[in-house]
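Undergrad: Sequence:
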Amino acid sequence: MKDSVDIYILDTERLKGREDNIVQGIAPYYADKHRRAKVESVKMQELGAGYILSKVLGVTKDEQLSFGEHGKPFLSDKSKEFSLSHAGSYVVLAVSKVPVGVDIESTERLTLSVLKRILPVAYFDELISMREKENPGCDKAAEEPQSPEEKLRWAKAWTSVEAVLKAIGSGFFLDPREENSFMDGWHIESFPFSYEFMVSCATRFPFTVHQNELT
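Counting in the numbering used here, the sequence shown runs from 1 upward without gaps.
No wet-lab data here; the hints were simulated from the structure.
Here a beta-carbon is modelled for each residue, glycine too, at the ideal position from N, C-alpha and C.
Keep in mind that the hints are not guaranteed to be accurate.
[Stated by the list, open to error] Computed list of lysine to aspartate or glutamate pairs in EDC-like fashion (alpha-carbon distance at most 20 Å, straight line):
1) K140 to E126
2) K55 to D6
3) K156 to E144
4) K133 to E150
5) K116 to E144
6) K33 to D20
7) K55 to D11
8) K156 to E189
9) K116 to E132
10) K72 to D32
11) K116 to E150
12) K72 to D6
13) K116 to D139
14) K78 to D62
15) K2 to E81
16) K61 to D20
17) K116 to E143
18) K55 to E13
19) K16 to E213
[Unchecked claim] Quick list of simulated restraints, FRET-style, between CB atoms:
20) N212 to T60: 16 to 26 Å
21) E149 to E178: 27 to 37 Å
22) D11 to S181: 29 to 39 Å
23) E132 to E63: 50 to 60 Å
24) V121 to L65: 29 to 39 Å
25) Q211 to K140: 28 to 38 Å
26) K16 to Y195: 19 to 29 Å
27) D125 to N21: 45 to 55 Å
28) S79 to P148: 34 to 44 Å
29) T60 to P148: 39 to 49 Å
Could you build all of it, start to finish, from the sequences and the hints given here?
TA: Structure, rendered in structure tokens:
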């Protein structure tokens, strides 16, 4: 029987007008990051991260959190594993019994040159191969996706890599272009969300996703 990963998605637009009340009930670590952020979207992402942790995992105090070598947060009591990600107005939380990574990304911001700088060589080459099969004779160096299907493939590849990096706890301290085997052994589930976003989740074991939206 497969394990399950609970994925919670919060649109921070729903928090606007309630910031002063919400900030009092979240871990000071995130409250401080919210106050110090200069960009409004970042302020809301930090508030959303604190809010989603308080609602789902009951995290309201800093001592409930610890941090890995590269800054990945985890529960101090290690009762559950979690991973956070954000893009645009959305904050995503994945909760599991085993180490987990999650990533959300807009399908609108990726270009070929960005993918080439980040993706493992095999992943990038596969995307180029798929482009040529889908559109024989196309300009394989074109920067923008050439079809809606390609746009989704690019976002799935990107978020899959980031989800594994987050599960490992390294983030981009590990260079995906140089560590060709780091994706080996990871199980990944991906799904599109809200028209222009892709979400990917990674663990070491096969799993099913239970998706939840918070208000």
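Undergrad: So, against the hints stated earlier in the document, which numbers end up violated here?
TA: none
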